[in-house]
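Let's have the full structure, built from the sequences with the hints guiding it.
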Amino acid sequence: MIKQSLFSFALASLIASVTPASAYKVFVSNEKDNTVTVIDSDKLEVVETIKVGGRPRGIAMSKDGKHVYLCASENDAVQVIDAATYKVLYELPSGPDPELFVLHPSGNPLYVANEDDNLVTVVDVINKKVLAEVPVGVEPEGMGISPDGKIMVNTSETTNMAHFIDTATNEIIDNVLVDSRPRFAEFTQDGKYVYISAEIGGNVSVIDTKTRQIIKKIEFEVPGVAKEALQPVGVRVSKDGKKAYVALGPANRVAVVNGETFKVEKYLLVGQRVWQLAFTPDEKYIFSTNGVSNDVSVIDVKEDKVVKSIKTGKLPWGVTVAP
Amino acid sequence: MFNGDYPRRGLAIALIASVTGFSGMATVEAQTPPAAMTRIGIGYLKQAVIKPLPLSRLDNPLEDDGLAGARLALEDNNTSGKFLKQEFVLKEVLVPADGDAAAAVKSLVAEGFMMIVLDAPAATVLQVSDAVKDTDAVLFNVGAPDTDLREEKCRANVLHTLPSRDMLADGLAQYFIWKKWTKWFLVYGALPDDVLNADAIRRAAKRFGAKIVTEKEYKEAGGARRTDSGHEQIQAQMPVFTQDASEHDVLVVADENEVFGPYVPYRNWSPRPVAGTSGLTPSSWHPAHEQWGATQYQNRFYKLAKRGVRAIDYHAWLAVRSIGEAATRVKSADAKALRQYLKGSDFSLAAFKGQKLTYRPWNGQLRHTIVVGDRHIPVSWSPQPGFLHQVTPLDTLGVDQPESKCRF
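Quick mapping for you: the protein sequence lines, in order, are chains B and U.
With numbering that gives the first Met the number 0 applied, the first sequence covers 0 to 322.
With numbering that gives the first Met the number 0 applied, the second sequence covers 0 to 407.
Think about it this way: if two alpha-carbon atoms lie no more than 27 angstroms apart in a straight line, the pair counts; the simulated BS3-like pairs of lysine-lysine are:
id	chain 1	residue 1	chain 2	residue 2
1	B	Lys215	U	Lys81
2	U	Lys50	U	Lys305
3	U	Lys302	B	Lys128
4	U	Lys132	U	Lys335
5	U	Lys81	B	Lys216
6	B	Lys209	U	Lys84
7	B	Lys242	B	Lys307
8	B	Lys149	U	Lys81
9	B	Lys310	B	Lys265
10	B	Lys31	U	Lys302
11	B	Lys209	U	Lys81
12	B	Lys42	B	Lys65
13	B	Lys216	B	Lys304
14	B	Lys215	U	Lys84
15	U	Lys210	U	Lys179
16	B	Lys216	U	Lys330
17	B	Lys31	B	Lys42
18	U	Lys215	U	Lys182
19	B	Lys226	U	Lys342
20	U	Lys342	B	Lys216
21	U	Lys330	B	Lys215
22	B	Lys283	B	Lys307
23	U	Lys84	B	Lys149
24	B	Lys209	U	Lys330
25	U	Lys84	B	Lys216
Keep in mind the hints are simulated off the structure, nothing from the lab.
This is the structure we're talking about:
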């Protein structure tokens, strides 16, 4: 018995030295069955399923990796989950029907989009208090923040704008009109650009954050896939800014975009109705949530290949990876 | 039916008239926007139609049918408009059944309300269209499903935000085909709307390869809704009326005014599903629809109107939001510029249907997906998988460009 476990240990360390990636925990929110699936990024296996509040969608890690923040839309709250014990610890006030949010790079506060009230709510995650409410356009959804934390961008789905908000004053400083139903905002790490996906417009606008002009609209085309099915939602950009991944919703594809030329280089076939994306911290993998097929696809970033799909709960929506 | 797309303007308007005490026309005064804002004036004309009340009180017309949708869209437009210094103003005008809608719209246009939402019967739409044809005014038809308004009688200054009868029939028919229900028993009412509805069903059968095995007309034109001990009679009547039909997969009812249609389900002779204007019904909208962001829309509407969204509200919302979307994109209040953009190829609207909605350039009809549902919940959305089209699958619903008789 002891011998055997020693042997396993030796084998495990041997494998570990071959693939030096460390194991991260991947948290997936499942909109329909009110759970969060936890996946080990090394074994690419489900290790836990956590019962959470109603209609879990937006999900993000605290800066120290100890907590998972989760929009429990039907609870009108942000739930805070212990990333080690998987217990729901407490709820943060969030305003009604929270869907997506973004954490300030310092770890506090949290900026929450309240779709029903045309507001962005600023929440102090330590004192569990609402600090401010910023009126924005109709159906606020996408939330992005500049790496220096000075500018937050919210997209409003019916107003069709990216609202640039000064985080010091919580005031809108500019509005950029984009195409129909903007869903997601993602800053590049150098803070130069922000990518805004337009689900119904079918494209991604790249906005220069200094001039706040759209410098490029990335369009998509997949042979054999109807144009109206190409609906960009989640966007993630690699740390060096060289690659952007765009989830194309009912087209069941993730587009790989060159971050310098803004040209689409590849379309990866994933599961059905792909919504959100998250990199592992080492950028070895990017995970996509596939709502209709109830799974996540694991994409090898170096090869740009889908290496595995993993079953989740029902209607997986958001995904985040612990540092 | 769940307050679908067929017109449902009953006595309620006459009631509003008596409550507010107007004799010719009632208007809700528009507010003047603050200076430095660009003002976009939207007129909303609702004409009363005198009809008996529907059989189910759940379908009774409401005072704010349609208007509530326009009011919500106005709020949405103004929330967006404040970022562009645009202010949208809505002026509501109620006209009795025998009132002069054309004159009312003419004076709206003279006051600068160039974007006009019309909730009125087809004949009124045509009169109004003629009355303002020499201006840049744009009319949005939100109440008349008549196919000929988009065809032989189409007008260059009219956009239609509600689907035509043909689009609805095609949406329902595609679902039947998907279910392999290809043998239909058609039962239709005696009113002119029902005759048109039955025509649309026959056209859909031919188009998608189904067969109408038996047809039957329900000859009574309606009477008092509330009678004591009515149900025994109905329970005896309906099985007999639906007897003697050839073997069929589904019974299709065409009764837009609820004279008998709601009595058919569960009482028909053969144990077959009922669809059409009762039972499984096609519509542009369902009050229980929650997909594609519709939850937020329903919640917003509930806050304003304290009820669910009906199809007529959605059509009015689409009209006012179309105006807002055009004003946002052209950054102007100029009617000519708005009209050009609305009718151009760049226009599209996100409207909780999982894909953009656009106007057909050849006849001004807004493309729709069609929800097929029972009273309670949506069952499916058409176009169904496999119905393909070289331009967009949405053009498998209704009269397509090559067959269109519309010439502006």
